[in-house]
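Visitor: Work out the full structure: start from the sequences and follow the hints.
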Amino acid sequence: MTVKWIGKRMMLGILVLFILSFLSFFIMHASPGSSATAYYGGNAQMLSAAEKERISRTFALDRPLVVQYGAWLMETVQGNLGMSAKEGRPVSAILAERVTNTLLLVGVSLFFIVTGSILLGMEAGMKPNSLLDRGLSSFSIASSSIPAFWLGILFIYLFSLKLGLLPSSGMQSIGGNDDFFDKVRHLIMPAAVIVLTHVGVYARFLQDSVKMEMRSYYVKTARANGVEEREIRSGVLRNALIPYLNYLGMTIPSFFGGSVIVETLFSWAGLGQLMAKSVMVKDYPLLMGGIMLTGIIVVVSLFVIDVLMFILDPKLRKRELGV
Amino acid sequence: MKSNKIFIFWCALFGLIVLITVFANLFSTYPVNEMNMDKVYMAPGDGHILGTDHLGRDVFTRLLHGGKVTLTVAFGSVLLSLVIGVMYGSVSGYVGGWVDSAMMRLLEALISIPSLIFVLAFQAVMQGGMWGMTFIIGVTGWFTTARIVRSEFIRLKEADYVKMARMFGTPIWRIITGHLLRNSVTPLFVVTIFNLAGAVFIEVSLSFLGIGIPPSIPSWGNMLYNAQNDLLIGAWWIGLFPGLLIFFTVLSINFIGEMLKDSRL
Amino acid sequence: MLKIEHVAKRYGRGRQRKGVLEDINLSIGKGDLVGLVGESGSGKSTLARLIMRLETMDEGEISFSRSGNFYDSCQIVFQNATAALNPTWTVRASLLEPLRLMKGDREGYIKEMLSLVSLSDVHLDRLPSELSGGERQRVNLLRSILVKPELLICDEIVSSLDRLIQKEIVELLKRLNEEMGMAILFISHDLKVVNYLCDRVYVMKDGRIVEDSVKQDGTFVFSHPYAQRLFE
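In order, the protein sequence lines correspond to chains A, B and C. Using numbering that gives the first Met the number 0, the letters of the first sequence map in sequence onto residues 0 to 322. Using numbering that gives the first Met the number 0, the letters of the second sequence map in sequence onto residues 0 to 264. Using numbering that gives the first Met the number 0, the letters of the third sequence map in sequence onto residues 0 to 231.
Treat the hints loosely; a few may be bogus.
With a cut-off of at most 25 Å between alpha-carbon atoms, the simulated PhoX-like pairs for lysine-lysine come out as follows [as the list claims (entries may be wrong)]: (1) C/K147 with B/K162; (2) C/K173 with C/K147; (3) B/K156 with A/K126; (4) C/K214 with C/K2; (5) A/K219 with A/K126; (6) B/K4 with B/K162; (7) B/K260 with B/K156; (8) A/K210 with B/K260; (9) B/K162 with C/K102; (10) A/K7 with A/K210; (11) C/K2 with B/K162.
Here are the computed distance ranges between Cβ atoms for each label pair [what the hints assert, rightly or not]: (12) C/Q215 with B/S150: 53 to 61 Å; (13) C/S128 with A/L307: 44 to 52 Å; (14) C/Y10 with A/V2: 26 to 34 Å; (15) A/I173 with B/G233: 17 to 25 Å; (16) A/V2 with C/P224: 49 to 57 Å; (17) C/A92 with A/S137: 36 to 44 Å; (18) A/L311 with C/P224: 51 to 59 Å; (19) B/V94 with C/S128: 29 to 37 Å; (20) B/S150 with A/R214: 23 to 31 Å; (21) B/I48 with A/S137: 27 to 35 Å; (22) A/R214 with C/A92: 49 to 57 Å; (23) C/S128 with B/I5: 24 to 32 Å; (24) A/R214 with C/P224: 43 to 51 Å.
Only some residues are given here: those of chain B computed to face chain A with a beta carbon under 8 Å [what the hints assert, rightly or not]: (25) L105; (26) S111; (27) V124; (28) Q227; (29) I245.
Because the hints were derived from the structure by calculation, they are not lab data. From the three backbone atoms N, C-alpha and C, an ideal C-beta is built for every residue, glycine too.
Guide: What follows is the structure, given as C-alpha cells:
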C-alpha cells in the first residue's frame, strides 16, 4: 500500500515537471527565431555553418514538433540548458549561483511563518474570546490584502530612508566580503515582508482547526478526567497540525511565485529576480531554466510535506501500511 | 445585526471604488496623460490634491483612470477564469470515472505550479496590452474554480431531483445549467470573489515589476513602477495613494468574500 | 405489465460482497394496486431503483411491456420531497420539466392537474422552501403523474408526513388508480396504509420476498411467521 501511495505522489511530481517542460518548450517555440537562437541567443549570428548544422541535428529542427520536443527534453534532462542570451554563460551555471539565495529567503521566511503561525494559532485557538482570538481573523484578512511589494516599499522608506537601520536592497554592502551578519541584515526586510503578509493566514487556519479539536469529545473527556493541560495542548496541536500541513502543501507553490516580486524589489539575487529579469530582456533559455528549476524545488518541497504528514497522521499511516 | 452592517460597509466601499473609477472622466481634474514639466514632483496641495509625478502628471487623475484599467483587467480575467473553470469542472464532475480522475490529476499538478510562473511564461512570448494581460491572468486563474465546480457537481448529481430529471429525459446541458450549476452559485460566487482579489494582485505586481501592462497605459501597478525611485527623493505621495487604494480594494473584496463564505456555513 | 424474475443484486467486491436482493419474483398487471412491505434495510428501495433502471442488476430479468418511452410509462416518486425538488426552481419550472416535449398548452394542462392534488395557481410561483411538507410531496407526486404513466412507484412517500396529509395523499392515489387506471407499486413500512390502499402485497425480509398475499374480505392472510408477526 505504501508503494501505491508513494507512486501516486511521485506521479504528481512527474506530471508537474512534464507540464513545466511543455511550458518551457512552448516558450522556446513561440519565441522569435529558431530553437538554436533560443539556445544561443544573441550569439546565433556568430555561429559557423557547421555549428548551426550540428544544433539543427541535436534539436531535430527539421522534424515534427513532437520529435523536437523529445530532442529538447533529452538535452534538458542531461543538464544542457543552453546558453543565456544576454550573459553568454551556460544557464546551468547561472542557476546554480542563484538557487541557494532563493532557498535561503524562502526557507527563512517559511521557518518564521510556520513557527509564528503555530504560536499565534494555538494561543488564539486555546483561549476563546481572548483579544488574540477575536483579532486574528481581521489581522489575517488585512495582512493578506497588502501587496507585498508595496509593504516592501513602505519598509524601505521607513527603515532605510528615514531611520537608516537596514540596507534597502542587494545581498551585501558594497565592498563587503561575504560577511554573515551583513547578509542577515540584508535578509531581514525581504523576509519580513513575506512573513508579515502570510503569517496571519496560516495562524488563522490553525486557529480554526484548534478550535474544532477543542470542541471534540476526547478533549472534553480528557479535561473531565483531570488530564494535565500541557498534555491536552500537545494532543490538540498534533491533531490540528494535520490539516495545517495539508494546507501548507497546497499553498507552498505560491511562495516561489511570490518570491519573484519580493526578490525583484529588494534586488535579492535569487531565481525569482532572475526570471523576472529574463522576461524583461527576453532571455528565453534563462527563463526556461528558471521555470524548470523552480518546478523541481516545488516538487521536492511537496514531497517533504507529504513525508511530514505521513509521520504525523496515524490514520494515513494505518491506511497505507495496514498496521 | 452587527455583522450585516459591516457587510454593507465593505460592499459600499467596494462599490464606491468601482464607481469613481468607472466614471473617472467625471471626477478627474486633469487630462490623464497631460504632462507639465514645470510642475514635477509637486506635493499634495494647491491644484493637485494628491500631488504630481515625475512627469508632472496629476496623481489623483491617474489614480482614477488607473483603477479603471486595473479593475477591468481583474473583472475580465475573473470572468474568463469562471468560464474555463466551470467548463473543466463540469466535464470532470459530470462525466466521472476515469475521465474525472485523469482530469483531477492534471488539475492537481496545475495547482502545484506557482501561478506566477505561468503568467511569466505567457508574458515572455506575448507581452500585449491590457487585454493580453486580462487573457493571461484569466487562463491561469481557473484552477480553484474548476475544483469547486467539480466537487459541487459530484455532490449534486446524486440528488433526487437530478435523478428525476434524467428520467424525464431532460437534456444534459439543461441538467448541468439548470440543476447543477444553478445550485452551485453560492460557492462559485465566493471563489470568484477571492479570484478577483488575486487578479488585482497579479496585475499590480507584474506592472510594478515592469512586465505587466505597458507603461503607456495608466494602471495602479504602473503608477507604482517608479514609486521606489520617487520615494528615494522624498516624493512619498506617488507610492502611498495607489498602494492605499489597492489595499482598500482588495481588503473590501476579501471581507465580502469571507463574510459570504461564513454565512453559507 | 411488469414482470420481475429471479432478480439478484449484490454490492461490494471480493469476500466483502454482500447480497442485497436475492431471487426476487414479482409481477404487476395493468391497474393493479400492489404493496411492498418490509423493515428498513430489507431491500425495498434497491428494488425500486432496479425497476426504474437507475441501477443494474446482477442476475435475473425485469420486463416491462409498454408503448413508447420507458420513463413515460413508468414513473417513481421519491420519499424525500425536499430532495426531489430543485430548491432554486419554482413549482412551475419543476412541473414543466417532464412536459418538455409536450405540444399544446402546457401551462393550462398543469393548472388543470393542480386541482387534482388540491393545489392552486398561487403555488406555481413559489419555491419548494415556501411550501409545507405536505404541499411539497403533492408537487413531487404531481410531477411524476403529469406524463400519465401506466405504473407509478411510490417509495415511502407518506412516511414523513403527518396522518392527515398521509390520508389525503393515499386517497389521491386511490383516485388516480380508479380514474386513470394507473397501476401503483406502493412501497412502505406502514402496514396500516398498505392494508387500506392495496389489493395485493409482497412481504420482504433481508433481501428476499418471503410471502405474497391477495386481499380477501378486506384483509390479508399470511402463512409465513415473519409476515404474520408483521401484520399482527
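Visitor: For every hint, state whether the structure bears it out.
Guide: Each hint, compared with the structure:
no., hint, verdict
1, C/K147 with B/K162, "holds (19 Å)"
2, C/K173 with C/K147, "holds (15 Å)"
3, B/K156 with A/K126, "violated (41 Å)"
4, C/K214 with C/K2, "holds (20 Å)"
5, A/K219 with A/K126, "holds (15 Å)"
6, B/K4 with B/K162, "violated (41 Å)"
7, B/K260 with B/K156, "holds (22 Å)"
8, A/K210 with B/K260, "holds (18 Å)"
9, B/K162 with C/K102, "holds (24 Å)"
10, A/K7 with A/K210, "violated (32 Å)"
11, C/K2 with B/K162, "holds (23 Å)"
12, C/Q215 with B/S150: 53 to 61 Å, "holds (54 Å)"
13, C/S128 with A/L307: 44 to 52 Å, "holds (45 Å)"
14, C/Y10 with A/V2: 26 to 34 Å, "holds (28 Å)"
15, A/I173 with B/G233: 17 to 25 Å, "holds (23 Å)"
16, A/V2 with C/P224: 49 to 57 Å, "holds (53 Å)"
17, C/A92 with A/S137: 36 to 44 Å, "holds (42 Å)"
18, A/L311 with C/P224: 51 to 59 Å, "holds (55 Å)"
19, B/V94 with C/S128: 29 to 37 Å, "holds (31 Å)"
20, B/S150 with A/R214: 23 to 31 Å, "holds (25 Å)"
21, B/I48 with A/S137: 27 to 35 Å, "holds (30 Å)"
22, A/R214 with C/A92: 49 to 57 Å, "violated (41 Å)"
23, C/S128 with B/I5: 24 to 32 Å, "holds (27 Å)"
24, A/R214 with C/P224: 43 to 51 Å, "holds (48 Å)"
25, L105, "holds (7 Å)"
26, S111, "holds (5 Å)"
27, V124, "holds (4 Å)"
28, Q227, "holds (6 Å)"
29, I245, "holds (6 Å)"
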